[in-house]
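Here the protein sequences come in this chain order: A and V.
Residues 280 to 1170 in our numbering are what the first sequence spells out, letter by letter.
Residues 762 to 872 in our numbering are what the second sequence spells out, letter by letter.
Heads up, some of the hints might be wrong.
[To be verified] Which stretches of chain A does chain V cover? Using the computed rule of at least three CB atoms under 8 Å from a CB of chain V, they are:
#, segment
1, 286-294
2, 312-325
3, 342-351
[Claimed, not checked] Where chain A lies over chain V, by a calculated footprint (3+ residues, C-beta under 8 Å):
#, segment
4, 812-826
5, 835-843
6, 861-870
Hints in this document: simulated from the structure, not taken from any laboratory.
Remember, predicted model here, so these are calculated numbers, not experimental data.
Note that beta-carbon positions come from the ideal geometry of N, C-alpha and C, so glycine has one too.
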Amino acid sequence: MDIERWLYSLPVRVRSFFHPDQVDQELKEELREHLAQQIQENVARGMSEQQARHSALRSLGGVTQIEQQCRDARGASFLEDFIQDLRYGFRQLGRSPGFSTLAILCLALGIGANAAVFSWVEGILFRPYPAVAHQERLFALAGTARGETGATELSWPDFLDLRRGCTLCEDSFVSKITGSTLSIGERAETARGSIVSANYFDAIGVHPILGRGFEPDEDAGSDSHPVVVISYQLWRDRFKGDPEIIGKMQRFNSVPHTIIGVAPPGFYGTFVGWAMQFWVPASMEETFESGGYKLEDRGARWIEAYVRLKPGVSHAQAQQEISAIAGRLETNYPATNRGRSIGLWPLWQTPFNNAGTLLPTLEVMVAVVAFVLLIACANVGNLLLVRSFARHHEMSIRLAIGASRVRLLKQLLTEGLILSALGTAGGLLAAYWCRHALVLLLPARSGVTMYLPGQIDARVMLWSAGICLIVTLMVGLIPALQARHLDLAGPLKTESSGVVGARGRAWMRSGLVVLQVCLSFILLVGAALLLESLDRIRTASPGFSTTSVVTTGVSLVAAGYDVPRARIFQNELMDRLRALPGVESAAFARVTPLGYGTYSSTPIAVDGYQPPLEERPAIDYNQVTPGYFATLGIPLLSGREFARTDDESAPLVAIVNRTMMTHYWGGQDPIGRRLQVKGRWAQVVGVAADSKYESMRETPRPFFYVPLRQDFVRAPVLHIRTSQPLPSMRAALVREVHALDPNLALYEMITLQEQVNRSTSPQLVAVTSVSILGGLALLLAGVGLYGVMSYTVAQSTRELGLRMALGAGAANLLRLVISRGLRLTAAGVIFGCIAALALTRLLGKLLYNVSPNDPWVFGLALAVMAMTAISACLLPAWRAARTDPARVLRN
Amino acid sequence: MSKPSDLVQGTLDMLILKILALQSLNGWAISQRLKQVSSEVLGVSDGSLYPALHKLEHRGWIRAQWKSSENNRRAKFYSLTRLGRKQLENETANWNRVSAAISGIVSLKEA
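This is chain A alone, in the form it adopts within the complex (with noise of 0.2 Å):
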């Protein structure tokens, strides 16, 4: 039955719905035909010519009206209608190229902000490996310590552990972040690349294009596999793509390795940001990382891992497995495990690279770019009301030749889809040409490759259709709750001109205006609320001095120095540096404050000091050299630096913290007290005062010092504090370092403000980019407000002409239009201070120092939002006072 009735209505349908124009000239012609036989009929009943043809008329109807009728009968018509509403919001648009344009423009901007934002939720956090199968199953690992919030890194044999007991993971691979120098023929520089479990490749499913991946077996032993694995990148820049590659060796940290594969385009490892060029299997460890071979000590912590769970494990589940397995390595591990557990993280929670960094503020931007989105929107809708207006007479014929209200709103809904399918497509265009702009936002530092890409796959592109819905929603039915009010008659017997605005449609421009200022207010006080913390964190004392010190390294490690020709190095070095014109003092450090090196961690004891069991045993330290607080410039609050004679030989000495003297000695001066430190006794010589050493954003904790030759490192950071400029610093140094070394290289040399702007750099991000939403935010509230003054002064020239005429000087005018544009200011600022008050908490962990209500932040905003007003309301005034009265009155 089915079959049968499409076997008949299909032909029909097709034909109607490819030739519309066809079908309807075959209507026209049968209704002409209708017409002729009526009028002969009429004719040979007795008619005249001209009565017949007035009578045929009669009873037919009106031809448009059954043309209308039979488009409809034929079903086809939601298409046809489509397809008709579509070419006539063409043409409409085309007929006013700068409103279209000016429209377009605004969605595109707004449609566009949200894509890009949300391609890089999608890159950074979300997918941020493409290469990688089954990231959504991918989860971060790393160690949790009890009563602390964040991440601390896992030791190798707890990762073994792991992997062997954890039933619910597919796989568990390590990815740590490394460096090395590399030298190709003439040029040598730092290369990033990443120390990995073997299983590496295989678990990602990543198959080398060139050579092979990791065997099982890769990854133990003590720098018993020099093997690598190396970038697409690095072998068609360094090696130009040389096909014979496999096989051959290259010195990384000046250990030759084999290269035994090169991975596919396209691959840029796991770590979110920066782009890998190498990977070396973690039995190679000792030669890039300081600190001996750790692949059996369950104390050394120092990698990164992520797990795949398998396929319906919920991370719930996985994280209770997780911390049973860490539950039971605490028990039979105290030494090394008590207080610590293992903790998983969403890829988009990652706390151990860019992801978690830039979480927070991408966060942010979400919001922003939705409310400079609404503001677009609401720009938009006040642009087709103006238009609406104007096309008010259209609208009223329409209704009265036969259009039905549906209609009407399907063509209205159509033109809002026009515009805004043309802004999302503009939008995404832009999204793609920003896809990389992230970089650009955070500081260069050399030897490293920033990736921070924006994704634009399908579920990007999805949103960005969702959003263009709900855009065509909203300015296609902005206009058409005007067309609700239209009146059939009225427009018909006065023209069209003489319509002045209904009170409702002033009113709903009105709110529209209320709200951009409103929603750009918002984002001003966010703005200036991050411009004022940035100012903070950048000024706040670290407890050291940033200035007049830099800091830089030389590549012992990567030179192949033993342990006695590297202290010897350092001692000769130092010498060296001492005497040098502007050098005030300077000394060697494992670690510099606030960079991305993880200090060197041990469980302590002291004399008299039971801990509580929840308590973490374990405290960060730093190995530093005499003369180390001068340099940074750390008060020592009591006893004395470390010295020259406090070498290997010399009984063991610390310096502890203000934070540490307090919570282990009561508040009493620990001087000539005992510390245990890696299980041996060591003497407190002094107190220092308390300094920030992994983040700004970090509140005091216990911290102690050990001389570096009691507890040495090969390759530490070197401080200088000068009072050379940081080029004649450098380039002294380089002629130091390599008149007793020419083969030694110098690492990039920066100062510590640089080392606090870099560990801030996260916040440059979110002012940087909520500042440039916000300032487009306000343009767009700005160019509305502009918009609906103009229009109100060219309504009421009439008016504004009588009170001319009346005596009213042109000052007074000036004043009538700004006063009713601030009036509108004022309203949105209002609503924007009580929705800012409640939204601006949701800066948390951005804002540093600075009440999410300051009230001078609200008060430079309101004052960035009367000048924009006043600045928008002038031109329209200024015209609102050259009415010339004798014009208007004529008219």
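Assemble chain V onto chain A, guided by the hints.
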């Protein structure tokens, strides 16, 4: 002429099918026949005939062909399809049932 009343709207389809069941006709002839058979009581305007024809054609109940009429003018002739014939049977049966019921009710004597 005004729009046909609701009752007619519903039954117009059936009338057209019935007329076409006898012979295939063009639009004008159908309108003449409609006036004839309904004695102009139903008041179907010529205008509302064509949308109805288009609807029926789209449902696959009638089929249109361009033919030459008696006086050698091209005209669109409508004829019933097999599907239309079935539809007419259904509707006629329906109509008989409903009209019998209604006339039963209407002819009830007031108590």
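Checked hints:
1. 286-294: holds (count 5)
2. 312-325: This one holds; 6 residues, not fewer than the three required, reach chain V with a Cβ under 8 Å.
3. 342-351: With 5 residues close enough to chain V, the hint holds.
4. 812-826: Satisfied; 10 residues make the cut.
5. 835-843: holds (count 5)
6. 861-870: violated (count 0)
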